[in-house]
Amino acid sequence: MSEHNTDTTTRSDTDEQSAEQRRSWTESSGSGTVNIQDLTKVYGDDGDELVAVDGMDLHIEAEEFVTVLGPSGCGKSTVMECIAGYLDPTEGEVLVNDEPVEGPDPSRGVVFQENRLFPWKTISENVRFGPQMRDDVDESRVASLFDQMGLSGFEDAYPHELSGGMQQRAELARLLANDPDIMLMDEPFSGLDAMTKELMQEKLLDVWEDDDRTVLFITHDVEEAILLADRVVVMTARPGQVKDVIDVDLERPRSTDIVTTDRFNELQRRASESIHDEAERAMEQAEGRV
Amino acid sequence: MSTGSISDRLVEGFAGGLPSPTRGVRKLVSLVGFVAVWWLFYEFGVLNFEHFVSPVTTIVEFAGALAGQPLTEGGDTIYLHAVYSGARVAVGVVAAALLAIPLGLVVGTSDRWENLLYPALEALRPIPPISWLPIAIIVFPALALGSISVPLPALFVVFIGSFFPIFTNTIEGARTIETEYGQAARSLGAGSGDVFRHVVLPATLPSIITGLSLGVGLGWITVVAAELLTGGPGLGYIIIQGSRLLQNQVVVIGMLAVGALGYATSALVEALGNWLMPWSTE
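These protein sequence lines are chains A and B, in that order.
Read in the UniProt record's numbering, the first sequence has 8 at position 8, and its numbers run on one by one without any break.
Read in the UniProt record's numbering, the second sequence has 180 at position 180, and its numbers run on one by one without any break.
Just chain A, same shape as in the assembly (with noise of 0.2 Å):
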């Protein structure tokens, strides 16, 4: 952790750089970088395979929140869940601060589609549950994080005992008690209704802003994918490769408003037309056409 106040200084830095340069800088080796070479995954065997990503490249800088948009079943569950570490790439390889993933580690959190708080266990035992599993539990943490996320007197309840937006605030809380360096969050906001959601981007924009983390954010939503992100990478159809990357280049502290922006309209307007063909292919492979 002792790399984070040097990352903070080279962020302020890199803000200054064109993100040409940014992305130029592949021998950074701060804490949170991701560096994704070549990618290939297959599944199946031989004569039933499924190519879902084919030479994907990509490079996130440490701090950098980059969402990853796509079409459903373009294989971007397939690349987050190669740097989570749950899947080897067939090809090519995934760097994490330079270093080949080997497995799952609490420095990558992860935030599944479906909220995955462990049912059985109250939401103070799942947040805690990351620090539990090295014995450091820091009660003070703990405690602000219930605080920040508004889980405050909700310590004992069971995970259905919550709304679904209170679920995803103490999904996140777990996350962020662990501390990682880099947040893998795969379309977390897809199952809430339109205001929780909101709020729930907000929250999120908040808790970026405020550490220093890596964020790579999965949707298939062109809204949030501009509203959250540094950087837009746009996905091909499957076989999945980067079709497109687009620089978000709105200001920051960001809130919800900002969607009414003229240039949030324009960069928008951008990534549906890269993201249209890809959606109108995503669809004719879905019905069998291809």
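Heads up, a few of these hints could be off.
Beta-carbon label-pair distances, calculated as ranges [stated by the list, open to error]:
1) Asp48/A x Ser110/B: 19 to 27 Å
2) Ser110/B x Glu209/A: 43 to 51 Å
3) Asp221/A x Ser110/B: 36 to 44 Å
4) Ser110/B x Ala279/A: 35 to 43 Å
Computed from the model, here is a short list of chain A residues facing chain B with C-beta under 8 Å [claimed, not checked]:
5) Tyr86
6) Pro106
7) Pro119
8) Trp120
9) Ser124
10) Phe154
11) Lys197
Chain B side only, calculated, beta carbon under 7 Å to chain A, not exhaustive [what the hints assert, rightly or not]:
12) Glu180
13) Arg186
14) Ala190
15) Pro202
To be clear, the hints were calculated from the coordinates, so they are not data collected in a lab.
The model shown is predicted, which means the values in this text are computed figures rather than measured ones.
Note that the Cβ used here is the ideal one computed from N, Cα and C, for glycine as well.
Starting from the known structure of chain A, arrange chain B on it as the hints suggest.
Relative to the frame of chain A, chain B by itself:
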């Protein structure tokens, strides 16, 4: 009437607005009705019921048995028979659980162990437990703890009967755990031992409790079957002994005692489940 369930109101509609009795009264009607039908069958000789026993005689003798009178001439009390059968069920089911739960967890979570264990056990599963009795009588030596003889063959039959429901339910529960729970735990820093303790075990617990509940039921079924053949003391023995002595009230008393104890033990398992799973919504 605005209160009451929909079915109450429907019945009320059919009954043309007769006063609806309370829940307690209806349950009493059910029990009294059962005894009344039995009495009618006995009194009017429906089938060969006139050779059976009147409910009145049975109830009087049941009361006597509960007061501690021996069930048959010079025999033991109902309590002693119940204790023997209950102990056999308890020992058989606990032994089955101690083996079936770990095996089920291993088979349910590991392909290698599944390949090694599952085919043989699956082949044994359809065999009715009581048909193991002849083998059990031959292979198990006579065993006594002090003055009490331990009926290993009967215990083995109970063990076999309750093993499979516990085993198969545990496997099913362990197999159907959502993999993302394990992934989430590992990404939070859990090792495989932690995943087992904090994810696999609690996630399988509801299925284990279901298996135990079925296993205890099978335990009572098999203990009565075994005691019919191997002798007493025990409630199964009392049932066959009553029949041999043409004391049909003793047969019925034995049956009712098994029913009541089966009901009580399954309530006990349910209570155990609620205590172990405070998160459960039921």
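Checked hints:
{"no.": "1", "hint": "Asp48/A x Ser110/B: 19 to 27 Å", "verdict": "holds (25 Å)"}
{"no.": "2", "hint": "Ser110/B x Glu209/A: 43 to 51 Å", "verdict": "holds (45 Å)"}
{"no.": "3", "hint": "Asp221/A x Ser110/B: 36 to 44 Å", "verdict": "holds (40 Å)"}
{"no.": "4", "hint": "Ser110/B x Ala279/A: 35 to 43 Å", "verdict": "holds (41 Å)"}
{"no.": "5", "hint": "Tyr86", "verdict": "holds (5 Å)"}
{"no.": "6", "hint": "Pro106", "verdict": "holds (4 Å)"}
{"no.": "7", "hint": "Pro119", "verdict": "holds (6 Å)"}
{"no.": "8", "hint": "Trp120", "verdict": "holds (4 Å)"}
{"no.": "9", "hint": "Ser124", "verdict": "violated (13 Å)"}
{"no.": "10", "hint": "Phe154", "verdict": "violated (14 Å)"}
{"no.": "11", "hint": "Lys197", "verdict": "violated (21 Å)"}
{"no.": "12", "hint": "Glu180", "verdict": "holds (5 Å)"}
{"no.": "13", "hint": "Arg186", "verdict": "holds (4 Å)"}
{"no.": "14", "hint": "Ala190", "verdict": "holds (5 Å)"}
{"no.": "15", "hint": "Pro202", "verdict": "holds (4 Å)"}
In terms of the numbered hints stated before, the structure departs from hints 9, 10 and 11, listed from lowest to highest.
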